[in-house]
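S.K.: If you're matching positions, the sequence shown starts at 348 in our numbering and goes up one per residue.
Please note that the accuracy of each hint is not assured.
No more than 25 Å apart at the CA atoms, straight line, and that leaves these computed lysine to any residue pairs for SDA-like [said to hold, decoys possible]:
id: 1; residue 1: Lys-831; residue 2: Arg-808
id: 2; residue 1: Lys-917; residue 2: Pro-882
id: 3; residue 1: Lys-938; residue 2: Gln-644
id: 4; residue 1: Lys-831; residue 2: Gly-804
id: 5; residue 1: Lys-640; residue 2: Arg-627
id: 6; residue 1: Lys-822; residue 2: Ile-767
id: 7; residue 1: Lys-640; residue 2: Thr-818
id: 8; residue 1: Lys-938; residue 2: Ala-836
id: 9; residue 1: Lys-640; residue 2: Asp-925
id: 10; residue 1: Lys-831; residue 2: Leu-847
id: 11; residue 1: Lys-938; residue 2: Asp-798
id: 12; residue 1: Lys-831; residue 2: Ile-767
id: 13; residue 1: Lys-640; residue 2: Thr-464
id: 14; residue 1: Lys-938; residue 2: Ala-790
id: 15; residue 1: Lys-640; residue 2: Asn-907
id: 16; residue 1: Lys-822; residue 2: Ser-548
id: 17; residue 1: Lys-640; residue 2: Arg-896
id: 18; residue 1: Lys-917; residue 2: Gly-716
id: 19; residue 1: Lys-938; residue 2: Glu-951
id: 20; residue 1: Lys-640; residue 2: Phe-658
id: 21; residue 1: Lys-822; residue 2: Ala-943
id: 22; residue 1: Lys-831; residue 2: Asp-904
id: 23; residue 1: Lys-938; residue 2: Asp-476
id: 24; residue 1: Lys-640; residue 2: Pro-882
id: 25; residue 1: Lys-640; residue 2: Ala-836
id: 26; residue 1: Lys-640; residue 2: Trp-875
id: 27; residue 1: Lys-822; residue 2: Gly-754
id: 28; residue 1: Lys-938; residue 2: Val-910
id: 29; residue 1: Lys-640; residue 2: His-881
id: 30; residue 1: Lys-822; residue 2: Val-910
id: 31; residue 1: Lys-917; residue 2: Ala-829
id: 32; residue 1: Lys-822; residue 2: Gln-870
id: 33; residue 1: Lys-917; residue 2: Gln-900
By construction, these hints were calculated from the structure, which means they are not laboratory data.
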Amino acid sequence: MAGVRETAVESIVSGEDGSLAEQVWRNAAEDPDAVQFIRPDPDPRSWPVRRSGHGGALPVTCRQFRDDVLALARGLIAAGIVGGDRIGLLSRTRYEWTLVDYALWSIGAVTVPIYDTSSPDQIRWILADSGAVGCVVETADHAATVDGLRPELPVLRQTWRIDTGDLITLAARGRAVDSAAVDARRHAVTGDHLATIVYTSGTTGPPKGCMLAHRNISADIGNATAVLPQLLHPGASTVLFLPLAHAFARLIQVGMVRSRATMVHSADMSAVLDQLRRFRPTFILAVPRLFEKMHDQARRTAEDSHRGALFSLGEWTALRYSRALDRPGGPRLPLRLARLLFDVVAYRRMRAALGGRCRMAIVGGAPTGEWLVHFFRGVGITVLEGYGLTETSPAVAANLPSAMRIGTVGRPLPGVRIRISDQGEVLVRGELVFPGYWNNPEASQEAVTEDGWLRTGDLGRLDDDGYLRITGRTKEIMVTAAGKNIAPAPIEECIRAHPLISQVMLVADGRPYVAALVTLDPQAWQRWRDEHGHPGAALATLRDDPRLRADVQHAVDRANRTVSRAEQVKTFRILPRDLTEIDGELTPTLKIKRDAVQDHFADEVTALFRSH
Numbered sequence: 348m349a350g351v352r353e354t355a356v357e358s359i360v361s362g363e364d365g366s367l368a369e370q371v372w373r374n375a376a377e378d379p380d381a382v383q384f385i386r387p388d389p390d391p392r393s394w395p396v397r398r399s400g401h402g403g404a405l406p407v408t409c410r411q412f413r414d415d416v417l418a419l420a421r422g423l424i425a426a427g428i429v430g431g432d433r434i435g436l437l438s439r440t441r442y443e444w445t446l447v448d449y450a451l452w453s454i455g456a457v458t459v460p461i462y463d464t465s466s467p468d469q470i471r472w473i474l475a476d477s478g479a480v481g482c483v484v485e486t487a488d489h490a491a492t493v494d495g496l497r498p499e500l501p502v503l504r505q506t507w508r509i510d511t512g513d514l515i516t517l518a519a520r521g522r523a524v525d526s527a528a529v530d531a532r533r534h535a536v537t538g539d540h541l542a543t544i545v546y547t548s549g550t551t552g553p554p555k556g557c558m559l560a561h562r563n564i565s566a567d568i569g570n571a572t573a574v575l576p577q578l579l580h581p582g583a584s585t586v587l588f589l590p591l592a593h594a595f596a597r598l599i600q601v602g603m604v605r606s607r608a609t610m611v612h613s614a615d616m617s618a619v620l621d622q623l624r625r626f627r628p629t630f631i632l633a634v635p636r637l638f639e640k641m642h643d644q645a646r647r648t649a650e651d652s653h654r655g656a657l658f659s660l661g662e663w664t665a666l667r668y669s670r671a672l673d674r675p676g677g678p679r680l681p682l683r684l685a686r687l688l689f690d691v692v693a694y695r696r697m698r699a700a701l702g703g704r705c706r707m708a709i710v711g712g713a714p715t716g717e718w719l720v721h722f723f724r725g726v727g728i729t730v731l732e733g734y735g736l737t738e739t740s741p742a743v744a745a746n747l748p749s750a751m752r753i754g755t756v757g758r759p760l761p762g763v764r765i766r767i768s769d770q771g772e773v774l775v776r777g778e779l780v781f782p783g784y785w786n787n788p789e790a791s792q793e794a795v796t797e798d799g800w801l802r803t804g805d806l807g808r809l810d811d812d813g814y815l816r817i818t819g820r821t822k823e824i825m826v827t828a829a830g831k832n833i834a835p836a837p838i839e840e841c842i843r844a845h846p847l848i849s850q851v852m853l854v855a856d857g858r859p860y861v862a863a864l865v866t867l868d869p870q871a872w873q874r875w876r877d878e879h880g881h882p883g884a885a886l887a888t889l890r891d892d893p894r895l896r897a898d899v900q901h902a903v904d905r906a907n908r909t910v911s912r913a914e915q916v917k918t919f920r921i922l923p924r925d926l927t928e929i930d931g932e933l934t935p936t937l938k939i940k941r942d943a944v945q946d947h948f949a950d951e952v953t954a955l956f957r958s959h
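Produce the entire structure from the sequences given, and follow the hints as far as they go.
M.R.: Dropping the structure here:
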């Protein structure tokens with residue numbers, strides 16, 4: 348298909364002319380006993396537990412959440428927080444994160460999220476650039492970091508620590524404030540007032556503060572909810588384990604409150620599968636890496652039980668079944684029967700890993716391999732890939748259960764217009780587009796075209812039916828010494844599909860050919876090491892082993908067959924360790940920070956081009 352240059356979907360819901368917090372009061376009035384949240388293992392020292400038997404999971408109804416938000420909002424007023432004040436929020440995903448967010452919105456203040464894994468320099472930059480007058484932190488380490496930065500933060504007046512009960516103390520202080528004061532503040536907020544400043548992950552420089560108004564977010568989630576009733580509705584539930592500092596997770600939080608669905612906060616990434624089995628969500632929000640790991644774990648389990656061949660056949664069946672769903676007439680009878688057989692012996696176990704009730708997942712962040720989406724749809728879990736960026740509140744496009752084209756990120760959401768520029772860049776318009784960057788008019792001006800379209804920085808194309816396919820990043824396009832333009836993402840994604848591989852980063856800019864830095868998945872590496880007679884050996888001592896390189900070369904060869912000769916990876920280096928967020932090499936959504944990796948592994952990059 349030749350494709351089109353522009354497409355749009357008519358808006359279903361306009362952004363509301365009021366505070367996002369109004370929904371909390373509306374829910375309490377219309378369905379007070381609906382369970383809005385479940386606190387998995389609440390700590391009464393962090394926020395009061397008003398029921399007996401609080402050692403287990405605690406449901407929070409719409410009425411109780413309204414009361415909690417009101418109590419904390421009164422405390423914030425007592426502490427001198429006024430409309431427009433910026434308040435930092437440095438914490439993992441937990442009930443108190445959402446509570447603080449809505450309490451700030453209810454009095455017209457502005458939430459400034461900070462990833463709990465942020466470095467001191469990043470925390471200093473965000474608090475200083477936003478002019479935050481207060482900061483809510485979760486732990487002693489967070490508090491110590493912020494306290495150490497105080498000399499560089501002259502406007503920061505107050506810090507409240509969640510795990511020592513500072514929010515409880517703040518709420519107690521607020522008893523002297525009349526509830527009518529909160530009502531007056533909330534009603535004074537318009538849709539154009541600032542709701543939050545979300546700082547970008549900074550893969551290409553210092554983080555920029557994206558200003559999002561209440562109207563931006565309400566328009567985005569209102570239209571998303573309208574076309575995704577299978578996900579966001581009363582009775583639906585999710586376990587949210589992605590960081591709420593990320594705009595994608597934040598939008599789901601707002602959507603759950605808007606639709607009166609039930610959300611479970613889960614801060615411990617190592618216990619995610621336990622929480623999924625425990626609370627049995629109807630859908631989840633995840634990054635592609637979670638599904639890659641689920642697939643690889645299922646394969647390893649089958650091989651350990653001497654059922655590797657059966658798994659391969661089940662995988663083949665799932666892929667063929669899913670692909671047949673997109674053809675006229677759908678899967679034929681023999682394939683339907685084969686799929687039914689494998690559902691009994693294998694697929695149900697994989698769904699059970701997500702709790703047994705989950706039939707849909709939304710993925711974002713990094714690209715998702717088409718084979719992975721087909722595999723899980725064949726297993727019985729529809730993975731809906733979407734697209735967005737912080738500047739668009741964030742959701743721009745999404746595949747829907749009723750309109751899905753695997754390999755694309757779907758059509759625009761209602762109220763969104765997408766255009767492909769002459770240079771191939773994706774441009775966006777709509778109520779969801781942010782008003783600009785905080786304290787950075789130059790960047791705000793550069794972010795839009797002369798006729799008012801947001802420049803996303805992503806390359807893409809639209810097919811004839813209006814489905815968007817992302818093909819790369821404008822800032823990540825590499826130009827070899829021979830002048831060949833290379834978009835690294837598709838090649839990296841293809842190589843990374845190998846179960847042994849964790850991360851891949853191409854190196855080609857200004858170089859004579861394309862090369863790659865490769866890291867291995869820690870669990871897969873241990874398995875490979877033990878199976879090849881090297882128990883306990885460090886990766887650094889075996890990364891040049893011919894058998895190990897042959898396995899990685901197999902993944903590289905497969906990727907090379909998908910591109911032209913000039914784009915093919917000529918050589919690679921296996922790094923002695925995986926890339927990490929702690930070392931500043933990955934963003935919280937596992938995107939590679941290319942400059943940081945090239946700096947940390949400069950000798951490895953040099954070696955890529957020394958021997959050829």
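S.K.: Against each hint, give a clear statement of whether it holds in the structure.
M.R.: Verification of the hints:
Distance check on the hinted pair: Lys-831 and Arg-808 sit about 20 Å apart at the alpha-carbon level, within 25 Å; holds. A C-alpha spacing of about 31 Å is found between Lys-917 and Pro-882, which places the hinted pair above 25 Å, so the restraint is violated. Using a Cα cut-off of 25 Å, the hinted pair Lys-938 and Gln-644 holds, with the two alpha carbons roughly 22 Å apart. Proposed proximity of Lys-831 and Gly-804 is supported: the alpha carbons are some 20 Å apart, at most 25 Å.
Restraint check for Lys-640 and Arg-627: the C-alpha separation of about 19 Å stays at or below 25 Å, so the hint holds. Between Lys-822 and Ile-767 the alpha-carbon distance is near 16 Å, which keeps this suggested pair within the 25 Å criterion. For the proposed pair Lys-640 and Thr-818, the alpha carbon gap of about 24 Å is at most 25 Å, so the pair holds. As the CA atoms of Lys-938 and Ala-836 are separated by approximately 11 Å, the hinted pair is consistent with the 25 Å bound.
At most 25 Å may separate the alpha-carbon atoms for a hinted pair to count; Lys-640 and Asp-925 meet this at roughly 15 Å. At roughly 30 Å between alpha-carbon atoms, Lys-831 and Leu-847 are farther apart than 25 Å, so this suggested pair is violated. Of the supplied pair hints, the one linking Lys-938 and Asp-798 is violated, its CA atoms being roughly 31 Å apart against a limit of 25 Å. For the proposed pair Lys-831 and Ile-767, the alpha carbon gap of about 22 Å is at most 25 Å, so the pair holds.
Between Lys-640 and Thr-464 the alpha-carbon distance is near 22 Å, which keeps this suggested pair within the 25 Å criterion. Distance restraint check for Lys-938 and Ala-790: the Cα-Cα separation of roughly 22 Å lies within the 25 Å cut-off, and the hinted pair is therefore satisfied. Restraint check for Lys-640 and Asn-907: satisfied, since their Cα atoms lie roughly 24 Å apart, inside the 25 Å limit. For the hint pairing Lys-822 with Ser-548, the CA-to-CA distance comes to about 15 Å; that is within 25 Å, so the pair holds.
Taken as a hint, the Lys-640 and Arg-896 pair is honoured in the structure, with Cα atoms around 21 Å apart against an allowance of 25 Å. With a C-alpha separation of about 22 Å, the suggested pair Lys-917 and Gly-716 falls inside the 25 Å cut-off, and the hint holds. Simply put, Lys-938 and Glu-951 have alpha-carbon atoms about 20 Å apart, close enough for the 25 Å limit, and the pair holds. Proximity of Lys-640 to Phe-658 is assessed by CA-CA distance (about 15 Å); at most 25 Å being required, the pair is judged to hold.
Between Lys-822 and Ala-943 the alpha-carbon distance is near 15 Å, which keeps this suggested pair within the 25 Å criterion. For the hint linking Lys-831 to Asp-904, the alpha-carbon distance of about 20 Å falls within 25 Å, and the restraint holds. With a C-alpha separation of about 24 Å, the suggested pairing of Lys-938 with Asp-476 holds against the 25 Å cut-off. This hinted pair checks out: Lys-640 and Pro-882 have alpha carbons roughly 22 Å apart, not beyond 25 Å.
At most 25 Å may separate the alpha-carbon atoms for a hinted pair to count; Lys-640 and Ala-836 meet this at roughly 19 Å. Taking the CA atoms of Lys-640 and Trp-875, the gap is about 16 Å. The hint holds against a cut of 25 Å. With a CA separation close to 22 Å, the supplied pair Lys-822 and Gly-754 stays within the 25 Å bound. Taking the CA atoms of Lys-938 and Val-910, the gap is about 22 Å. The hint holds against a cut of 25 Å.
As the CA atoms of Lys-640 and His-881 are separated by approximately 23 Å, the hinted pair is consistent with the 25 Å bound. For the proposed pair Lys-822 and Val-910, the alpha carbon gap of about 20 Å is at most 25 Å, so the pair holds. Annotation: proposed proximity of Lys-917 to Ala-829 holds, straight-line Cα distance about 15 Å (limit 25 Å). At roughly 33 Å between alpha-carbon atoms, Lys-822 and Gln-870 are farther apart than 25 Å, so this suggested pair is violated.
Restraint check: the Cα-Cα separation between Lys-917 and Gln-900 comes to about 10 Å, which is no more than 25 Å; the hinted pair holds.
The structure is inconsistent with the numbered hints 2, 10, 11, 32, although it conforms to all the rest.
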